[in-house]
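Below are the chains, spelled out letter by letter.
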Amino acid sequence: MQVFLQTLIGGVTFGAVYALVAMGFSIVYRTMGLVNFAHGSVVMIGAYAASTFYLATQLPFAVAIIVAITVTGLIGLIIERFLRPLENKDFTLMLIGTIGFGAVLEAGAVLIWGATGHAVPSPVATGPIDLAGIRIPTYNLVVIAVAAAATGLLALFLQRTKRGAAMQAVAMDHQAATAVGIHVGRSNAMAFAIGAGLAALAGSLIGPMLYVNPTMGGTLGIKGFAAAMLGGFGSMPGAIVGGLAFGLLDAFAAGNFQEYSELVTFLVFAVIVMIRPTGIFGEATVNRA
Amino acid sequence: MSFARSSIAAAAFIALAACAPPGQSAAPEAGATGPLKIANINAQSGQLSSLGQWEHKGVKLAIDEANKAGGVNGRQIQLDLFDDQGDPTIGTNLARKIASEGYIAMLGTAESAVTLAMAPILKDAKIPNITSGQSPKLAELKSPFLFLNAPTSVTFDETLAKYLVDDKGHKKIALISNNGAYGAGEHDAFLAALKSRNVTPVADEIVTPDQKDFNANLAKIREEEPEVLFIGAEEVQSGLIAKQARELGIEATFAGGAPMGTDVYATTAGTETAEDSVVSSPYLSNEASDEIKAFAAKYKAAYGEDARMHVAKAYDGASILIEALKQTGGEGGQKLADAIRGVKRAGLLGDYTFDANGVGIHETKIGLVKDGKVEPEAAS
Chain A
1 MQVFLQTLIG
11 GVTFGAVYAL
21 VAMGFSIVYR
31 TMGLVNFAHG
41 SVVMIGAYAA
51 STFYLATQLP
61 FAVAIIVAIT
71 VTGLIGLIIE
81 RFLRPLENKD
91 FTLMLIGTIG
101 FGAVLEAGAV
111 LIWGATGHAV
121 PSPVATGPID
131 LAGIRIPTYN
141 LVVIAVAAAA
151 TGLLALFLQR
161 TKRGAAMQAV
171 AMDHQAATAV
181 GIHVGRSNAM
191 AFAIGAGLAA
201 LAGSLIGPML
211 YVNPTMGGTL
221 GIKGFAAAML
231 GGFGSMPGAI
241 VGGLAFGLLD
251 AFAAGNFQEY
261 SELVTFLVFA
271 VIVMIRPTGI
281 FGEATVNRA
Chain B
1 MSFARSSIAA
11 AAFIALAACA
21 PPGQSAAPEA
31 GATGPLKIAN
41 INAQSGQLSS
51 LGQWEHKGVK
61 LAIDEANKAG
71 GVNGRQIQLD
81 LFDDQGDPTI
91 GTNLARKIAS
101 EGYIAMLGTA
111 ESAVTLAMAP
121 ILKDAKIPNI
131 TSGQSPKLAE
141 LKSPFLFLNA
151 PTSVTFDETL
161 AKYLVDDKGH
171 KKIALISNNG
181 AYGAGEHDAF
191 LAALKSRNVT
201 PVADEIVTPD
211 QKDFNANLAK
221 IREEEPEVLF
231 IGAEEVQSGL
241 IAKQARELGI
251 EATFAGGAPM
261 GTDVYATTAG
271 TETAEDSVVS
281 SPYLSNEASD
291 EIKAFAAKYK
301 AAYGEDARMH
311 VAKAYDGASI
321 LIEALKQTGG
331 EGGQKLADAI
341 RGVKRAGLLG
351 DYTFDANGVG
361 IHETKIGLVK
371 DGKVEPEAAS
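Chain order of the listed sequences is A and B. Residue numbers for the first sequence follow our numbering, beginning at 1 and rising by one. Residue numbers for the second sequence follow our numbering, beginning at 1 and rising by one.
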């Protein structure tokens with residue numbers, strides 16, 4: 001029982017981060033119909049931006065996170081601006097463009113910060129909470145809380161604000177949205193910026209739990225992408241459920257299947273996607289090509 | 001566009017390299033003039049590039065010194081760097097490339113898996129290779145052209161088990177290791193060392209090299225209340241395991257090989273968590289001896305960063321090669337391999353005497369992590 005609950009704690013914490021990464025993938029996909037393959041690298045840049053600022057200035061970690069979100073939000077806008085001429089013209093080239101941006105960001109990180117990387121001390125000094133033998137590191141609780149708050153804010157923005165509603169409209173039918181006077185380009189740019197901001201949030205949060213280096217985006221990107229697929233690509237509730245499900249799947253596979261855990265995780269994932277190709281909260285696929 | 005062009009170029013290169021019969025390259029004649037061509041193959045990009053870059057800096061330092069001192073019998077050494085990206089397939093292509101381009105020796109790689117893939121080609125081409133890999137599988141090849149500049153995992157873990165079990169009397173030992181080339185080697189070697197002492201580990205958890213969350217594995221280990229937790233993983237993963245183990249309330253002493261003696265391990269785990277970790281390594285710190293202090297100062301002056309074991313062993317390997325080249329007068333092939341095997345050198349990692357399997361160092365030392373740095377354990 002103790003092992004089960006302890007596994008659950010680890011799974012939920014990493015699941016929360018995968019959910020943030022998955023939401024970033026999904027918000028771009030639902031608005032533009034595009035998979036942003038640079039997303040994992042943006043997570044890495046976010047982790048670097050937050051940790052470098054935090055280590056250099058000693059200001060509260062929350063400030064570092066906001067700086068990281070701003071920096072990567074700008075990167076998101078730049079990527080979108082580069083891809084905009086291709087919108088509705090060459091979809092494949094856009095996809096390859098995002099892969100290219102991923103490589104550029106990774107190479108840029110090596111140039112700026114070097115290939116070695118750095119460890120980030122935990123911003124929360126207090127020790128783990130002990131609940132009848134189940135140990136919960138306080139920082140894990142912070143991660144889960146911040147991820148939940150960010151999810152809530154994003155839902156409010158999409159449902160309650162005019163801009164959010166406009167983005168929803170573009171996601172549903174971009175031609176009709178254009179007809180009623182919504183600027184599709186601006187909507188896309190916003191999606192990219194929010195996606196990058198979510199990536200930065202995920203990166204900053206995971207930094208103190210892991211080790212920040214130029215290749216850290218690879219695994220996080222793949223797992224976040226898989227989580228988005230599992231939940232239903234393009235669906236925001238799907239990204240959250242998918243992220244948590246993937247975190248738990250990963251954690252329990254590690255405990256029960258040892259060195260085969262990764263194999264088991266992705267086999268289960270493949271079987272679920274075969275049975276339900278649209279994921280748990282599957283929506284009609286957007287295709288702009 | 002440039003991506004497409006470079007992949008065509010790469011494909012063409014692979015096709016050409018595959019055509020060149022190994023061993024039939026134009027090796028430089030004895031007594032020839034001009035520079036001696038030595039290849040350094042190490043990952044300069046990708047996940048393992050930090051290792052590869054350290055290795056290259058160590059090798060370059062030794063070669064630059066030799067060239068400044070007049071080279072080998074008046075001939076300069078030409079050191080060329082090739083990027084294997086930590087990928088065995090790229091490694092084999094590079095092995096064929098250096099064989100066809102007249103390189104007489106190769107230094108590297110830092111990755112056992114890449115060196116294992118390259119070894120048969122280099123053996124056929126009679127190109128001696130001093131590697132930084134430490135997998136016991138390298139020694140098992142028994143290639144007369146392959147030399148290791150460090151001990152294999154067997155030596156690391158035999159020393160560690162001797163200290164933990166024989167000297168300290170620990171019996172409740174748990175293992176956690178990854179199933180990558182390095183972690184699996186550590187796991188097998190340490191388990192064998194325990195078995196020879198009739199100790200059965202209380203837990204033996206295997207993780208994947210990419211794993212980040214060890215709650216499930218560590219919760220199982222915690223139930224066994226071990227006195228010692230052996231960690232068989234690379235620097236970062238070792239640090240993450242140690243950190244999460246302490247967070248879970250595991251009080252065991254952490255023990256492991258060379259990765260746990262690095263600052264990467266100490267900073268990832270946190271200085272407090274890493275305190276008193278037991279490290280088995282031939283190179284404990286930059287202050288271990290006067291020779292090492294002098295080397296560390298020289299390295300810092302050249303590159304502006306602290307020296308570490310990977311740098312030191314690459315430097316040792318290159319120094320041994322230079323010494324052997326001086327003996328053969330710049331000649332390569334079988335003669336150079338024999339000369340390398342004959343080199344006895346008091347290096348930074350210890351006294352080198354190569355055995356029939358090409359292993360140069362046969363003992364490691366025990367150190368304890370104190371305030372993020374390794375200090376030699378006082379002989380008990």
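None of these hints come from the bench; they were simulated from the model. The beta carbon of each residue, even a glycine, is placed where N, CA and C say it ideally should be. It is possible that part of the hints are untrue.
[Stated by the list, open to error] Stretch by stretch, here's where chain A covers chain B in the computed footprint (C-beta under 8 Å, at least three residues):
#1 49-60
#2 125-133
#3 203-215
#4 261-272
[Unchecked claim] Sample of chain A residues facing chain B (criterion: CB under 7 Å; computed from the structure):
#5 Gly10
#6 Val12
#7 Arg81
#8 Ala115
#9 Thr116
#10 Ala119
#11 Ala132
#12 Thr138
#13 Leu141
#14 Thr161
#15 Asp173
#16 Tyr211
#17 Ala251
#18 Gly255
#19 Phe257
#20 Thr278
[As the list claims (entries may be wrong)] The list that follows gives simulated cross-link-like pairs (lysine to aspartate or glutamate, EDC-like), each with its CA atoms no further than 20 Å apart:
#21 B:Lys220 with A:Glu259
#22 B:Lys126 with B:Asp276
#23 B:Lys220 with A:Glu87
A quick look at each hint next to the structure:
Under a criterion of three residues with beta carbons nearer than 8 Å to beta carbons of chain A, the stated coverage of the region 49-60 of chain B is upheld, 3 such residues being counted. Counting residues of the region 125-133 of chain B whose beta-carbon sits less than 8 Å from any beta-carbon of chain A gives 0, not enough to reach three: the coverage restraint is violated. Check result for the region 203-215 of chain B against chain A: holds, 10 residues qualifying (beta carbon to beta carbon below 8 Å, three or more required). Under the rule that three or more residues need a Cβ within less than 8 Å of chain A, the assignment of the region 261-272 of chain B holds, with 4 such residues.
With a cut of 7 Å, the hint placing Gly10 (chain A) at the interface with chain B holds, because the nearest CB-to-CB distance is about 3 Å. Below 7 Å, beta-carbon pairs count as interface contacts, and Val12 (chain A) has none with chain B, the closest being about 10 Å; its hint is therefore violated. Because the smallest distance between the Cβ of Arg81 (chain A) and any Cβ of chain B comes to about 20 Å, over 7 Å, the interface hint for this residue is violated. About 4 Å separates the beta-carbon of Ala115 (chain A) from the nearest beta-carbon of chain B, less than 7 Å, and the hint is met.
Annotation: Thr116 (chain A) was flagged as interfacial toward chain B, and the flag holds, the nearest CB pair being 4 Å apart, inside 7 Å. For Ala119 (chain A), the shortest C-beta to C-beta distance to chain B is roughly 4 Å, which falls under 7 Å, so the interface hint holds. Interface restraint check: Ala132 (chain A) against chain B, minimum CB-CB distance 12 Å, threshold 7 Å, status violated. Given hint, Thr138 (chain A) at the interface with chain B, is violated; its Cβ is 10 Å from that chain's nearest Cβ, farther than 7 Å.
Of the supplied interface hints, the one on Leu141 (chain A) is violated, with its beta-carbon coming no nearer than about 12 Å to a beta-carbon of chain B, more than 7 Å. Annotation: Thr161 (chain A) was flagged as interfacial toward chain B, and the flag is violated, the nearest CB pair being 35 Å apart, outside 7 Å. Hint on Asp173 (chain A) is violated. Least Cβ distance to chain B is approximately 35 Å, over the 7 Å limit. Satisfaction of the interface hint for Tyr211 (chain A) is found here, the shortest Cβ-Cβ separation to chain B being roughly 4 Å, below the 7 Å cut-off.
Against a cut-off of 7 Å between C-beta atoms, the interface hint on Ala251 (chain A) holds, since the closest Cβ of chain B lies about 5 Å away. Contact between Gly255 (chain A) and chain B, as hinted, is supported at the beta carbon level, the nearest pair being about 3 Å apart and thus within 7 Å. Given the 7 Å rule on beta carbons, the hint for Phe257 (chain A) is violated: about 9 Å separates it from the nearest Cβ of chain B. Interface restraint check for Thr278 (chain A): the shortest CB-CB distance to chain B comes to about 28 Å, outside 7 Å, so the restraint is violated.
A hinted pair counts as satisfied when its Cα atoms are at most 20 Å apart, and Lys220 (chain B) with Glu259 (chain A) qualifies at roughly 15 Å. A C-alpha spacing of about 45 Å is found between Lys126 (chain B) and Asp276 (chain B), which places the hinted pair above 20 Å, so the restraint is violated. Taken as a hint, the Lys220 (chain B) and Glu87 (chain A) pair is broken in the structure, with Cα atoms around 52 Å apart against an allowance of 20 Å.
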